[in-house]
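Colleague: Next come the chains, spelled out residue by residue.
Protein chains: 6
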Amino acid sequence: MRTVVVTDPPRADPGDAETLGGFGVATVHEALGRVGYLGPELRPAWPGARIGGTAVTVLCWPGDNLMIHVGVEQCRPGDVLVVATNSPSTDGLFGELFATALAHRGVRGVVLGSGVRDVAELREMGFPAWSRAVSAQGSVKATAGAVNVPVVLGGQTVAPGDVVLADDDGVMVVPRADVARALIASQARVDKEAASRAAFQRGELGLDRYGLRDQLPDFGIEYLPYEKWAEEP
Amino acid sequence: MRTVVVTDPPRADPGDAETLGGFGVATVHEALGRVGYLGPELRPAWPGARIGGTAVTVLCWPGDNLMIHVGVEQCRPGDVLVVATNSPSTDGLFGELFATALAHRGVRGVVLGSGVRDVAELREMGFPAWSRAVSAQGSVKATAGAVNVPVVLGGQTVAPGDVVLADDDGVMVVPRADVARALIASQARVDKEAASRAAFQRGELGLDRYGLRDQLPDFGIEYLPYEKWAEEP
Amino acid sequence: MRTVVVTDPPRADPGDAETLGGFGVATVHEALGRVGYLGPELRPAWPGARIGGTAVTVLCWPGDNLMIHVGVEQCRPGDVLVVATNSPSTDGLFGELFATALAHRGVRGVVLGSGVRDVAELREMGFPAWSRAVSAQGSVKATAGAVNVPVVLGGQTVAPGDVVLADDDGVMVVPRADVARALIASQARVDKEAASRAAFQRGELGLDRYGLRDQLPDFGIEYLPYEKWAEEP
Amino acid sequence: MRTVVVTDPPRADPGDAETLGGFGVATVHEALGRVGYLGPELRPAWPGARIGGTAVTVLCWPGDNLMIHVGVEQCRPGDVLVVATNSPSTDGLFGELFATALAHRGVRGVVLGSGVRDVAELREMGFPAWSRAVSAQGSVKATAGAVNVPVVLGGQTVAPGDVVLADDDGVMVVPRADVARALIASQARVDKEAASRAAFQRGELGLDRYGLRDQLPDFGIEYLPYEKWAEEP
Amino acid sequence: MRTVVVTDPPRADPGDAETLGGFGVATVHEALGRVGYLGPELRPAWPGARIGGTAVTVLCWPGDNLMIHVGVEQCRPGDVLVVATNSPSTDGLFGELFATALAHRGVRGVVLGSGVRDVAELREMGFPAWSRAVSAQGSVKATAGAVNVPVVLGGQTVAPGDVVLADDDGVMVVPRADVARALIASQARVDKEAASRAAFQRGELGLDRYGLRDQLPDFGIEYLPYEKWAEEP
Amino acid sequence: MRTVVVTDPPRADPGDAETLGGFGVATVHEALGRVGYLGPELRPAWPGARIGGTAVTVLCWPGDNLMIHVGVEQCRPGDVLVVATNSPSTDGLFGELFATALAHRGVRGVVLGSGVRDVAELREMGFPAWSRAVSAQGSVKATAGAVNVPVVLGGQTVAPGDVVLADDDGVMVVPRADVARALIASQARVDKEAASRAAFQRGELGLDRYGLRDQLPDFGIEYLPYEKWAEEP
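Chains as they are written, first to last, in this note's numbering: chain L, 1 to 233; chain C, 1001 to 1233; chain Y, 2001 to 2233; chain F, 3001 to 3233; chain X, 4001 to 4233; chain H, 5001 to 5233.
Hints in this document: simulated from the structure, not taken from any laboratory.
Incorrect hints may appear among the rest.
Stated by the list, open to error - Reference listing, derived: stretches of chain X covered by chain H, where coverage requires no fewer than 3 residues with Cβ under 8 Å from a Cβ of chain H:
| no. | region |
| --- | --- |
| 1 | 4001-4012 |
| 2 | 4069-4075 |
| 3 | 4095-4102 |
| 4 | 4114-4125 |
| 5 | 4131-4137 |
Every residue, glycine too, gets a C-beta built ideally from N, C-alpha and C.
One chain only, chain L, in its complex shape (with noise of 0.2 Å):
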């Protein structure tokens, strides 16, 4: 592993990513054809915030989070801290200090492939995490990692820059180059969702909205009444 850190990587616009977070994780995700989760292990540390801001990545060794430190000083206004460690962890290497620190700095919140802990406090605070685990292990400061160099978590390239949404369904990212296309897409996908909303309060059927009935022949799919089911063999 390359020990750097790069300092002031390009961002996404803070405005177009706190856009994101409002539409939510599902239908940014859906609107740029299913990509960019981050899966069901990462969840939140408290139920309700939504989120979404720009990326600053860390990369820490497992059990340590000096890279942690390193990587506040790199954060700004409409920031989101994204930590991954070189090998599974679940130690709780965040907790309410660096919450303040970050609330300090603007930053939005905080994604981690590790543990969290302290919180209590973080909710108390407001301030929103998201992590694979809750844990009040501690670490140590004594590896080098890396701050703003791509990471993986939970199947997917961060980038520094990049667009992170987060709420109670998870996590997801936007690519800095797609954050266009996914605004466009987004604000589509949800009128779309409110006009098909109104249609299923009135009782029609997805079958029929979405012009699933024709096709169920060709899926081979029959329909049977229970009484025939049942007798046969």
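Given the coordinates of chain L, assemble chains C, Y, F, X and H onto it according to the supplied hints.
Modeller: Quick look at chains C, Y, F, X and H alone, frame taken from chain L:
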């Protein structure tokens, strides 16, 4: 897999299902002889819901929610939608739009062996959902499955028309043929538990109340004061 | 396994246990040199509780809660019941009736290596519980175990009379012999954290506060502006 | 749970079971329409065995092998013993002594949802076993269960007398009523696979052999030379 | 954690350890009353080894094998190296070079709560290893731990000088104080198993041999011919 | 996801890939600074294979192997097929027929983030495969994906043309741009390891060879004879 939609299966009485739901999963599970529990992996998307309803079952291909669209049409008031996949998957096959359609039809909740998404919206709507995962990962509509055939979920067979109960302790199934017995046995258990609760509030011990104390020697259990224990080699 | 019930083991002071509980798991764990944490798999049944008490330990056969009945009688005000099974199990060995009996005896909470049930009722009663799983699966009373012998839970040895702390970050054990040291070290850490918190609120960086900046070259960490980084091969 | 031992259930033909076993799990699973597989968690205790037999089913309490003792007596030549527990357990319920007794009765192997032990001895004896775990953890004989009732294992229902197949790819069940169809469909698939194998050895592509190439545009799949791909934004 | 290297702890007799190793893990575990097993997650790096030796214990930081270097020097002929990490880690802390050094010192094998690597080379050398994972992920030497203090691994406490046994069924610990008892009880069990094996080879049933048949009615177990079972509702 | 097949990506030299494969995963991983390992979850279908080749990447929908059929055509001698799914899946997407087709094209092996089947046949053919699971569960050909785009597998980004190495220790990726450096650094490491191996065979200690002994006091490590340790409180 036979790609069939079985229509109008006989259902347990929805009122009975609601009554059983009110007893709660742990109580009915005990009352029936500790059977029917779908295991600790199925968790509520939000805490506090408690439901009982009649199962409409759906079998999907992983990453594919085509058959949920087909299944919605088969639902009636008092039903619970039960979705299995034919191999392990955590993808978010179900979200707020489906919940809107089901709520319109009077469906009481959903149970999925895979993932759910839009959990903030589900919580807000008050639509109850239990699943193995929360995941924003979206799905295609490309491969046929089945509706209202018996499915296996969490180590239990759920047949269409069976009663499904769910609360913060998880999910259980009561086969249609066992509903009458479950109602009687659950009420008896509730009464017995109320008496035990009152006794425990007065300080009685389970050791005495359940007649265990006299059996302890048969179990080979001996009592030792700490001092004697500590000085043994 | 020796099927023994050890009576009246010496306990740490319940007031000291309460004081340590107030400091919280993450703080005491750090103060003692990052030891004693029972790992990220033990989670609270409901959020927000924070306790400290003296351990009464129970060792059960999987799927069998006979020994919890035996253990209840050994509990005193200020205790925490700690239940291990001698092989992995997620069954719900503990529920609301046990909690009622323990509350009557002044017990502060329960920690289980297996599952808990009646979590809605426990939340309503305000009885704190931590466990590896939530499970409605019930148990028999058929096989002997032990009470107040040292047990291993979450990678830690818990002896009867040790202090057990638990909050939203998980569970930890403080051996009876370390309580005095833990009180002093935790208070010192709380004071130090308060100073750090104030500093971070003013914008000071951990890099400077903890003297890490000067060590960065020794760690082999270099800083690179993004433009230079991007043009390297 | 009803604590019953069902005697002399009708069984599929043991010769048919052996024939299906020879086809292998992956082949029969495909031939029947991709159903009946017990999932990737059931692994062989030693590699290389391939069996097919008729199920004798046993339902045990976790950590308790009383019912296996009862089940042995119900076994005949050509059977496969199938053991489920009514909640998750990895304990080693089965070992070399049971295998000795089963081998004497002409039983072809064992499948357990829990653990197996004495694997070195089983390998030496050549007695085939599939399980979720290898575990030396021993068991008691203290709680009743059932023999020859339908059990759920690995997401499938196994009824007594069904055919169970197992090899290095895992375990599957063929319901008794589907055996005739499985024999025909599996032979057809083996013939088709032999032709495909020969074609692939000559260099033919699946894309062409299965007529997929013409469908690619309908799937929305486009081909791009690397140079063009690389220069796109 | 106290960063200490305890030198020359008293050890169980290496000959006794070897004898116990020969009995095998499952046998000794049963003989001692089903205690001491380190669980199904510790698996051999290659099949067929069976060892018994005296524990030299090492406690490492995750991702860091500094203390294994320190521990090697504390090893003597007849020892088994036992390595725990103080939070969960799968990294490959141990490989062929360490095995070479240990083989030179007459060490009989290694047990790790984390990962092992160079497994092809270990198999070729015939150096036995048990671990939670196989992982090529390498480690640093940056953080202190301890040698020859009691460690917890797989839910058991291993003290330096205890006997550690390992084979294809996993790993177990016999506390130094229990070795004499284990030798006698294991030999008795081996004799009893030999008699049972011979009986089972002649066709005797465990039901009869262990006197279970007469107890079945007390367990509430009833026998039902299939025809009667099938016609019940 | 863009449903594209990128043709003829530039590849690393197949001879270089083979040379790196010969060094083994653990060695190259260390030589490059402990990067590129795909983690402990990817295991060989059969032990003993050791390969290095150039990546052809495939991205599939879970439970769907359409794109593997497309990918086969893009393979050349010296390649390794690398298959990811865009959400977690254990299904057996790859078996003996695919292996036959790949062997004909001179492909050296396959790496899958999902499952593999026909493992007995693969072992017999000598076709190497690494995967997260063994599963007989079959797949459909219904949903488009991509070929030769960068994929994420086991926490690493694999680009087409990168070198992929695999052996009993798992799988790693060497980016195309790092191959030259990897060759030099790996040879240097092999030489250094040979010297260390010889030294350890003579009884030298890593403590001395790596200059660690002098650093122990700086790490805060103290040595204590057992007698002194035992008498401390």
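Colleague: Decide, hint by hint, whether the structure agrees.
Modeller: Status of the hints after comparison with the structure:
Requiring three or more residues with a Cβ within less than 8 Å of a Cβ of chain H, the coverage given for the region 4001-4012 of chain X holds, as 8 such residues are present. A count of 4 residues in the region 4069-4075 of chain X with a Cβ less than 8 Å from any Cβ of chain H is obtained; the coverage claim is therefore met, three being the minimum. Coverage of a stretch by a chain is defined here by at least three residues with a beta carbon nearer than 8 Å to that chain's beta carbons; for the region 4095-4102 of chain X and chain H the count is 6, and the condition holds. Judged by the Cβ-Cβ criterion of 8 Å, the region 4114-4125 of chain X is covered by chain H as claimed, because 6 of its residues qualify and three suffice.
Check result for the region 4131-4137 of chain X against chain H: holds, 5 residues qualifying (beta carbon to beta carbon below 8 Å, three or more required).
When the structure is compared with the earlier hints, no violation turns up for any of them.
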